[in-house]
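Here the protein sequences come in this chain order: A and B. For the first sequence, the numbering used here gives the first residue as 4, with consecutive numbering after it. For the second sequence, the numbering used here gives the first residue as 1212, with consecutive numbering after it.
These aren't lab readings, by the way, just hints derived from the structure by calculation. All figures in this text were calculated on a predicted structure; none of them were measured in a lab. A hint or two may mislead.
[As the list claims (entries may be wrong)] So these bits of chain A aren't anywhere near chain B, every CB distance computed over 10 Å:
| id | residue |
| --- | --- |
| 1 | Glu-47 |
| 2 | Arg-50 |
| 3 | Asp-73 |
| 4 | Asn-87 |
| 5 | Leu-90 |
| 6 | Leu-99 |
| 7 | Gly-108 |
| 8 | Gln-125 |
| 9 | Lys-140 |
| 10 | Ile-142 |
| 11 | Ala-148 |
| 12 | Thr-170 |
| 13 | Gly-172 |
| 14 | Asn-177 |
| 15 | Ala-185 |
[What the hints assert, rightly or not] One-sided excerpt, in silico: chain B residues whose CB lies under 10 Å from chain A:
| id | residue |
| --- | --- |
| 16 | Lys-1214 |
| 17 | Ser-1215 |
| 18 | Thr-1216 |
| 19 | Tyr-1224 |
| 20 | Ile-1231 |
| 21 | Asn-1242 |
| 22 | Met-1273 |
| 23 | Lys-1280 |
| 24 | Ala-1307 |
| 25 | Ala-1308 |
| 26 | Pro-1320 |
| 27 | Ala-1337 |
Heads up, the beta-carbon is just placed ideally off N, CA and C, and yes, glycines get one too.
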Amino acid sequence: MPDGIGSPPDPIEQAVRAVLGSMSGDLTVTEAALLAELEALGREVSRAKSEIAALQVEDITASHIPAATDELDAVVAHTATATNEILDACEVLEGLQPQLPAEAGAALSGAVTRIYEACSFQDITGQRISKVVNALKTIEARVAAVSSRFGSAAAAPASAEDAAPKTEGEALANGPQLPAAASSQAEIDRLLASFD
Amino acid sequence: MDKSTPVLIVDDYKTMLRIIRNLLKQLEFENVEEATDGQEALAKLRAGNFGLVISDWNMTPMTGLDLLKEVRADARLKATPFIMITAESKTENVVAAKQAGVSNYIVKPFNAETLRDKIEKVMAHA
């Protein structure tokens, strides 16, 4: 049986060796089949260990995932900057409103309101990106945990899931739903009305 | 609707605070203060005399739901109208907020008309 990647013998390998050591005389058909199954299982485990070692888990946890989360943080920062620039411009436009004829002023006010409404995208996208970052951190932690179980050097970082919610508010803080799963304002209004 | 009512808006996104403040300004609410999480909001509520709270849900170290529960448990603050504006749109969130005593619930993204409508409704019952 292959030795894998230099880690201590795994329980399956130890079991096969124990079975072999306990056997004497001719094997029955059943015993031979069981032994073949155990040997095949041991080879699968060794192959999996080799494949995990070849994944270069350290690169994933030390480079790929931190780089991805940094890029996503930069997206949030850039959209926040751009959104604030837009809001700056809107506030300038609102300041001009008193100087305009009533009809033009009302039109400008309506347009600025629509821009304000649209700018709330930054909050929603920021929350969605935070969910992705937390998912990446969870993947990072689990990859490192699997790796360390197979003898790789990568230490498992703290998962985002490790911070257990302490209050009902935290437990129910899931962030934005995908459009297909999200309730509309009308559905929420009906739900609230059902309490009256 | 008394537009001079002091309003506390609570959100951990500074951009969102700015948007809500500007929308409230268009609705002629000029007396608006801000907090960036539930704890800061609770301290401001206890120190001030606010007639309306408009709060996000997902904040640390204190969420909007936990802020709502603190407000409703406080003898002086418990009657303060409280509107939740949040991206949390699951039924369980709305039910939990209602059971905690929320006055109304707005799901993000929202429009100015919805904000105006909900403020008018909760202020009418205040």
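Hint check results:
1. Glu-47: Fine: 41 Å to the nearest Cβ keeps Glu-47/A off the interface.
2. Arg-50: holds (43 Å)
3. Asp-73: Given that every Cβ of chain B is farther than 10 Å from that of Asp-73/A, nearest at about 20 Å, it holds.
4. Asn-87: Its Cβ does come within 10 Å of chain B, the nearest being 6 Å, so this is violated.
5. Leu-90: Leu-90/A not clear of chain B: closest Cβ-Cβ about 6 Å, inside 10 Å.
6. Leu-99: For Leu-99/A, whose nearest Cβ neighbour in chain B is about 15 Å away, the distance exceeds 10 Å, so it holds.
7. Gly-108: holds (12 Å)
8. Gln-125: The claim is violated: Gln-125/A sits with its nearest Cβ about 5 Å from chain B, within 10 Å.
9. Lys-140: About 16 Å separates Lys-140/A from the closest Cβ of chain B, which puts it past 10 Å; holds.
10. Ile-142: holds (22 Å)
11. Ala-148: holds (26 Å)
12. Thr-170: violated (5 Å)
13. Gly-172: Check fails; 3 Å does not lie beyond 10 Å.
14. Asn-177: Its Cβ does come within 10 Å of chain B, the nearest being 6 Å, so this is violated.
15. Ala-185: violated (5 Å)
16. Lys-1214: It is violated, given that the least Cβ distance between Lys-1214/B and chain A is near 16 Å, above 10 Å.
17. Ser-1215: Interface hint status for Ser-1215/B: violated (21 Å vs cutoff 10 Å).
18. Thr-1216: Check failed: Cβ of Thr-1216/B comes no nearer than 21 Å to chain A, outside 10 Å.
19. Tyr-1224: holds (5 Å)
20. Ile-1231: Given a least distance of 9 Å, the restraint on Ile-1231/B holds.
21. Asn-1242: With Cβ-Cβ at 18 Å, over 10 Å, it is violated.
22. Met-1273: holds (8 Å)
23. Lys-1280: Given a least distance of 8 Å, the restraint on Lys-1280/B holds.
24. Ala-1307: holds (6 Å)
25. Ala-1308: holds (9 Å)
26. Pro-1320: With Cβ-Cβ at 5 Å, under 10 Å, it holds.
27. Ala-1337: The hint is violated - Ala-1337/B has no Cβ within 10 Å of chain A, the shortest such distance being about 17 Å.
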